[in-house]
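Go by the hints and put chain B onto chain A.
The residues making up each chain are set out below.
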Amino acid sequence: MATKDTLQIELQFSGGMELLFDNQKTIQADVPAFFPIVTKDTDTNQQERHAATIRDLIAWTSIELLKERPELFIGDDGSVRAGILVLINGADWELEGELEYELQDKDEIVFISTLHGG
Amino acid sequence: MSCSIDEPTMTVAEKRAKARAVHVGFCCKCKTTRSTIIVRYAEYCDPCFLIALDSKFRTALRNARPYRVTNPENVMLAFSGGSSSRSLIHLFDVFHSLPPEVTSNKQQPKIYNDIHVCHVDESCLFEPSSLQTQIQSQGQNDSHSKEIKEEKLDGSTMEQARSIAAHYNYLFHGVRIEDIYDPEWADSHCFEAVATLVTSLPKDQLAISGEAPELLSHIHPMSPLSTSSGPPGLSSETTRRQKMSRQEKIAKLKALLAACTTLTAKETILGHIRSSLLAQLAKRADCTILALGDSATRVAIQIIGLTAIGRGFSLPHETSLESNWIQGCKVIRPLKDCLAKELDTLCRLSNLEVIEKHTARLGWTIQSKGEIKSIKQLTEEFIIGLDKDFPSTAATVCRTAAKLTPPDVQYQDKCPLCHGPVQAGVQEWKKRITVTTPPSRDDQETAKDFNDTCCSSTVGTSCCSNSNRSINSSSSCTQNSTKSHSTDEKPPLPFSSLLCYGCLTNLRDLNLKSMGSLNGDETSQFELPPYVAWTILDRVGYKSLEDYENAFVAKDTDVDPRESLREQIQEFLIASDSESEE
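Chains as they are written, first to last, in full-length UniProt numbering: chain A, 1 to 118; chain B, 1 to 582.
Keep in mind that the hints are not guaranteed to be accurate.
Here's a subset of chain B near chain A, in silico, CB distances under 8 angstroms, partners left out [unchecked claim]:
| id | residue |
| --- | --- |
| 1 | E322 |
| 2 | L352 |
| 3 | E353 |
| 4 | K357 |
| 5 | I384 |
These stretches of chain A come out as covered by chain B in the derived footprint (C-beta under 8 angstroms, 3 or more residues) [as the list claims (entries may be wrong)]:
| id | segment |
| --- | --- |
| 6 | 15-21 |
| 7 | 97-107 |
Residues from chain B shown here face chain A by an in silico Cβ test under 10 angstroms; the list is partial [unchecked claim]:
| id | residue |
| --- | --- |
| 8 | I37 |
| 9 | E43 |
| 10 | P47 |
| 11 | C190 |
| 12 | E381 |
| 13 | D387 |
| 14 | K388 |
| 15 | L404 |
| 16 | T405 |
Read the hints as simulated data drawn from the structure, not as lab findings. C-beta: ideal position from N, C-alpha, C; glycine also.
So that you can see chain A by itself, here it is in the shape it has in the complex (with noise of 0.2 angstroms):
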């Protein structure tokens, strides 16, 4: 399918996460389209790699691009941290298949914060 080894991914953080990526409110971000098979709990594919997904590109972003506080982004199951609302697209990652969504080029990944607490 995808032939090309990276991805353009539009990353979109608003609601107090881009506080978290030095203030940044998008970021143009290319992204391995496959990821090699890691031997955490986060199996997935049979293949020696698989396409990349939400789940990689959490991990991926965390790495390369947070900042600060990595606790306030990524949660404990290699998710993000609950309370943060992820939209692929435009739409609700609940309604896409949340951490398994295969990453397509030109995908659009909004992060919002929803913990506003002070």
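Just chain B now, with coordinates in the frame of chain A:
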């Protein structure tokens, strides 16, 4: 279709949603468009979601305040800058801007007269380090003009809030959180005094006695130089009218927060200050309704969090759809049925501008290696974590607590600190249920004896209060001791006994070392804002600051029985006087 095993565990909302979803993946309302939003099992497309949310808001607003009103009232919208209160402004605007033909045809009276927006700027309490990074990032893109730079250096949220309100042509009222130390934010509009706390025990006994000491308060008129400089008569009104600088107010606020040893206590006190300001803002703008943007998620967190910190008594007032507790200002929460997720979605769909960094996170004020979390933050994580797997959590908690009825307490008997209702006899009850002393009391008795003997030789001041303590008549003795030691000091007023249970519990986290002691040799390191001072005086029975001072002056002249005591300890008196003069 669905497996029978699943059915008993399905919630009502889930069942209803399943029944409604004719086509999987399509909006449950219009059933023609692919759904993009999922809220508690119900799937919506963008337009249908907005309609549903708007009608939810209208229903709540109607329940909070029936439409059939004789005279329209002014409403104040509390705007923090977050997505919930931002949605509140937007929804109010949609609600109030009916098409002209509707309003002209039916001759309907306006439901709300003027809509005001208020904002409390907490930027002075923002984390300094991140502020610095903000400055750095500002320096990089140097296209900004210098003025904007300075405004942003400040981290102030005021202008942003003002421009949002201006966009809707609403009247804007802004106040900084440190302005709580301004005399004008007390109930009497101009109350130029602050309160300081003293403990009923001298410093050297605090460590020995496990008991929480009774807290007493002093009311100090605000003066430009220092609180004790003015003569007892204090007739020089004009000199006291000098306004405090912003830095002074910030310093006072920070000193108060620094005296709290836990993050929970800091947050709670800041919350009281915030709500006090909001209520004052509403009253001053002649708004009889104060609308808060608390979402269902927020209310659920509040319900659990407030219960945990001992504020269950005032819970109905702080979480209900409508509360008539504050005199002359009804508090409504029309977004109480909307989840935070829904409001965030609304902000995104309607392109509503929010202020990203608007609430002060006080975590940085506590120096520690690990991350410290307050009860509120822990509750937030608990509710939101639970809500992820059980999307009905917030709604269930809210619905359960909505059954609570407000306590039958007079507004006059409000707690000085939080202005909430005070249950009678909380102190006695708290004493009964709390174990503060270790079982081996013998050591302490001897320690106390030791103190008694040693003080006669050196420290006369602690001797006096020590013996008073043993007599166990604290109210009379406190007067004696202060009068005798420093004549220009007014007798302390009660403080602990005026507090509600929640505040009493919260103040256990105040650092006792930062408070003054009764013998006057150490002064309190922090001051409570004027609204607290005013409420203390009001509760004790004085009508105004002058009333209080005059009463004291009168008492001071004609009280004779204390004179003998004064003579007895004359030796120490001179010593302490000369000390204070230095």
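Inset, instruction - Find the hints from earlier in the document that the structure breaks and name them by number, from lowest to highest. - result: 1, 2, 3, 7, 10, 11, 15 and 16
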